[in-house]
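Use the sequences and the hints to build the structure in full.
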Amino acid sequence: MNPAVTDLGELVGREYKEGFVTDIEADTLPPGLDEDVIRFLSAKKDEPDFVLEWRLDAFRRWQNMKQPNWAQVRHAPIDFQAISYYSAPKSDADRPKSLDEIDPKLLETYDKLGIPLEEQKALAGIAVDAVFDSVSVATTFKDKLAKIGVIFCPLSEALANHPDLVRQYLGSVVPAADNFYAALNSAVFTEGSFVYIPKGVRCPMELSTYFRINALNTGQFERTLIIADEGSYVSYLEGCTAPMRDENQLHAAVVELVALKDAQIKYSTVQNWYPGDEEGRGGIYNFVTKRGVCRGDNAKISWTQVETGSAITWKYPSVLLEGDSSVGEFYSVALTNHCQQADTGTKMVHIGRNTSSTIISKGISAGRGQNAYRGLVKVLKGAETARNYSQCDSLLMGDRCGAHTFPYLEVKNPTATIEHEATTSKIGEDQLFYCRQRGLSEEDAVSLIVNGFCKEVFRELPMEFAVEAQKLLSISLEGAVG
Amino acid sequence: MLKISKLTVTVDGKTILNGLDLEVGPGEVHAIMGPNGSGKSTLANVIAGREGYPVTGGSVSFLGQDLLSLAPEKRAREGVFLAFQYPVEIPGVANVYLLKEAVNATRQHRGEEKLDAMDFLKLVREKLKLLQMKEEFLYRSVNEGFSGGEKKRNEIFQMAMLEPRLAVLDETDSGLDIDALKIVADGVNAQRSPDRSVILVTHYQRLLDYIVPDRVHVLAGGRIVRSGDKRLALELEAQGYGWVESDPSTVSAA
Ligand SMILES: Nc1ncnc2c1ncn2[C@@H]1O[C@H](COP(=O)(O)OP(=O)(O)OP(=O)(O)O)[C@@H](O)[C@H]1O
Ligand SMILES: [Mg+2]
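So the protein lines, in turn, are chains A and B. Its first residue numbered 1, the first sequence is counted upward by one per residue in this note's numbering. Its first residue numbered 1001, the second sequence is counted upward by one per residue in this note's numbering.
Hint data in this document are derived by calculation from the structure and do not stem from the laboratory. Incorrect hints may have been included.
[What the hints assert, rightly or not] Mimicking DSS-like on lysine-lysine, the simulated pairs with C-alpha atoms at most 30 Å apart in a straight line are: (1) Lys1114(B) <-> Lys455(A); (2) Lys1014(B) <-> Lys426(A); (3) Lys426(A) <-> Lys1100(B); (4) Lys1074(B) <-> Lys112(A); (5) Lys455(A) <-> Lys347(A); (6) Lys1114(B) <-> Lys1100(B); (7) Lys455(A) <-> Lys1129(B); (8) Lys426(A) <-> Lys455(A); (9) Lys471(A) <-> Lys1074(B); (10) Lys1230(B) <-> Lys1182(B); (11) Lys112(A) <-> Lys1100(B); (12) Lys66(A) <-> Lys45(A); (13) Lys1134(B) <-> Lys1114(B); (14) Lys44(A) <-> Lys97(A); (15) Lys1074(B) <-> Lys1003(B); (16) Lys199(A) <-> Lys347(A); (17) Lys1134(B) <-> Lys455(A); (18) Lys347(A) <-> Lys426(A); (19) Lys1122(B) <-> Lys455(A); (20) Lys45(A) <-> Lys144(A); (21) Lys378(A) <-> Lys66(A); (22) Lys1100(B) <-> Lys455(A); (23) Lys471(A) <-> Lys1114(B); (24) Lys471(A) <-> Lys1122(B); (25) Lys1006(B) <-> Lys1074(B); (26) Lys1182(B) <-> Lys1122(B); (27) Lys455(A) <-> Lys1074(B); (28) Lys426(A) <-> Lys1074(B); (29) Lys471(A) <-> Lys112(A); (30) Lys112(A) <-> Lys1114(B); (31) Lys1100(B) <-> Lys471(A); (32) Lys347(A) <-> Lys412(A).
Take a look at the structure:
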């Protein structure tokens, strides 16, 4: 252990003995992870005791776990002691001062996406204040939601104001030690969102559409918890279509969704973290655990994701179909270009009777990209007349990329109806020529064909998001052909 | 309009076109006939700029420009249109969407404004009517699930939308029933104009009853072996290609 950490350990230990909660000066922790670091994090957030206990329990289990190696991805081992688990938001002095200091390629992308200048600055990490008034927008928005009883706030705030609600559900879908990265997240999570929709309420707006910027300060170990009470509805949008500057290599987020009887949650993601350069240097490792549970009859959870960023994506948004006649859906577009790797898919676990699930996965590989679909459909003994339909299509561009499909099926009830279709195709020379003969440039032709390929997924996205996702896809594919 | 001189195309060491000459003037309709595998589609593809047909000799000039030096999309925007012998399916892409992109790419190239949604729709409806097509075709994926005849009709619909200067129709009549053939022919005739030229590739004299050509050519052995007026097509219909191919005295007399 380096001296700094020892000092800190002493400091934290001493303060803890003294009651600890107020007044912790440090803004950034040196790299390293032990129980003291976790106590520090928890104290910094002024969390209730049960959270600290929960974190510590997760940490203790995590220490006995191994990094999973079954996914179709390759990377150098990650040194978890080399990561700093807390840093306060950067002070203005440390930020870039103007757009001149930002990578021109990033700015070019912002322009193509049509992002206004002030937002560009914010996305690029430049200090912007009054000009970009997301704060006041946020306030109006919050008031409106509060009137109908919707809670939408940072998880830390929810822990302070609604501890019982959080306690009831936190870790109830993704248990603390569910898997290696989820356990790590449970131990050290720092940021995240909390949503509660009361009984019978239809949330009148897409949560988070208002803020492209919203995702800006999401941390490396984000944790989101969404609860839709009986008969309620919510559509939640995660992420940002603009690629963001981010120095963190590892992202290990956890998202838990709980849909009670007759409730519906629609969760859409556009993930566009830094993918690394064309030679595969840099880029985010995105190791995410997302799971929803339909905890009552007729509940429905839909995951829609467009994954174009990150050097490595490891992600399986899943649904546990407990309630009778509950419904799970997974719509996914995953694109890998250059040296990106994606291993993504879903798990649909049929527990209740008459449950149904739909899986539509579209994998696009270009450059030297590697794309794997991995999906499990599990029908338990009691799940009478369960139905699943899966469709996994892969599109290859060029001959140095790869597509892989790993469908797993475990059926314990003979009344189940399971359908699986899979196709692999190359983007056709004849399709490209046809479009070009009609006057489209090669790039436009590629983007038209790829967007057509993804149509079944895009149409599940909220309108505005869909348009941006299409643009994003074209941008991510630039230089993939010709 | 179009001037092809001594065009030679060699694929994998096999010479498909061998010193082909052809000249098409403004407003003219030329029919090209010839046995299977004689190189008609190859000629059409070379004019449109498809990859995989290396030109090893000769030249093609279109409106005074060297056509062969242009990328396929540039040729299209300059007004070269190819109605494909086998139109391609593009799943998930609405017919109308491709059309809009295509029309606007050409307009932009000409320095014109993009059409707004209303004007575009108006134009589309007018042309649909010309080809007697239902509006639902607009919203179906490009050629996906279209019957053979519907695909061909869709090609001529696209031609009507794009208003090309030179249209090469590669066996557009194959697969059309009698009624559809008339509709498509009427559609093409409606588009005949002094500044639009058409090359019709066909196997059947019947099409030429409806679209009366100014010239008829026979392509064999990689070049035009015989040219004449519409009566040549009738002769071919009666006698087949044997006599033109085997007659050593035939000369190109375009
Ligand atoms: N890409 C290719 N590679 C190899 N040979 C080719 C290629 N394209 C065409 N050919 C050959 O060139 C010859 C001419 O083909 P083309 O399609 O131009 O004939 P066509 O006159 O249009 O015939 P059809 O009347 O049957 O449509 C054929 O022998 C064909 O097999
Ligand atoms: Mg042909």
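Going through the hints against the structure:
| no. | hint | verdict |
| --- | --- | --- |
| 1 | Lys1114(B) <-> Lys455(A) | holds (25 Å) |
| 2 | Lys1014(B) <-> Lys426(A) | holds (27 Å) |
| 3 | Lys426(A) <-> Lys1100(B) | holds (25 Å) |
| 4 | Lys1074(B) <-> Lys112(A) | holds (23 Å) |
| 5 | Lys455(A) <-> Lys347(A) | holds (22 Å) |
| 6 | Lys1114(B) <-> Lys1100(B) | holds (9 Å) |
| 7 | Lys455(A) <-> Lys1129(B) | holds (29 Å) |
| 8 | Lys426(A) <-> Lys455(A) | holds (17 Å) |
| 9 | Lys471(A) <-> Lys1074(B) | holds (23 Å) |
| 10 | Lys1230(B) <-> Lys1182(B) | holds (18 Å) |
| 11 | Lys112(A) <-> Lys1100(B) | holds (20 Å) |
| 12 | Lys66(A) <-> Lys45(A) | holds (29 Å) |
| 13 | Lys1134(B) <-> Lys1114(B) | holds (25 Å) |
| 14 | Lys44(A) <-> Lys97(A) | holds (29 Å) |
| 15 | Lys1074(B) <-> Lys1003(B) | holds (18 Å) |
| 16 | Lys199(A) <-> Lys347(A) | holds (27 Å) |
| 17 | Lys1134(B) <-> Lys455(A) | holds (23 Å) |
| 18 | Lys347(A) <-> Lys426(A) | holds (27 Å) |
| 19 | Lys1122(B) <-> Lys455(A) | holds (26 Å) |
| 20 | Lys45(A) <-> Lys144(A) | holds (27 Å) |
| 21 | Lys378(A) <-> Lys66(A) | holds (25 Å) |
| 22 | Lys1100(B) <-> Lys455(A) | holds (18 Å) |
| 23 | Lys471(A) <-> Lys1114(B) | holds (19 Å) |
| 24 | Lys471(A) <-> Lys1122(B) | holds (27 Å) |
| 25 | Lys1006(B) <-> Lys1074(B) | holds (23 Å) |
| 26 | Lys1182(B) <-> Lys1122(B) | holds (24 Å) |
| 27 | Lys455(A) <-> Lys1074(B) | holds (28 Å) |
| 28 | Lys426(A) <-> Lys1074(B) | holds (25 Å) |
| 29 | Lys471(A) <-> Lys112(A) | holds (8 Å) |
| 30 | Lys112(A) <-> Lys1114(B) | holds (19 Å) |
| 31 | Lys1100(B) <-> Lys471(A) | holds (17 Å) |
| 32 | Lys347(A) <-> Lys412(A) | holds (16 Å) |
Hint check: no violations occur; every hint is consistent with the structure.
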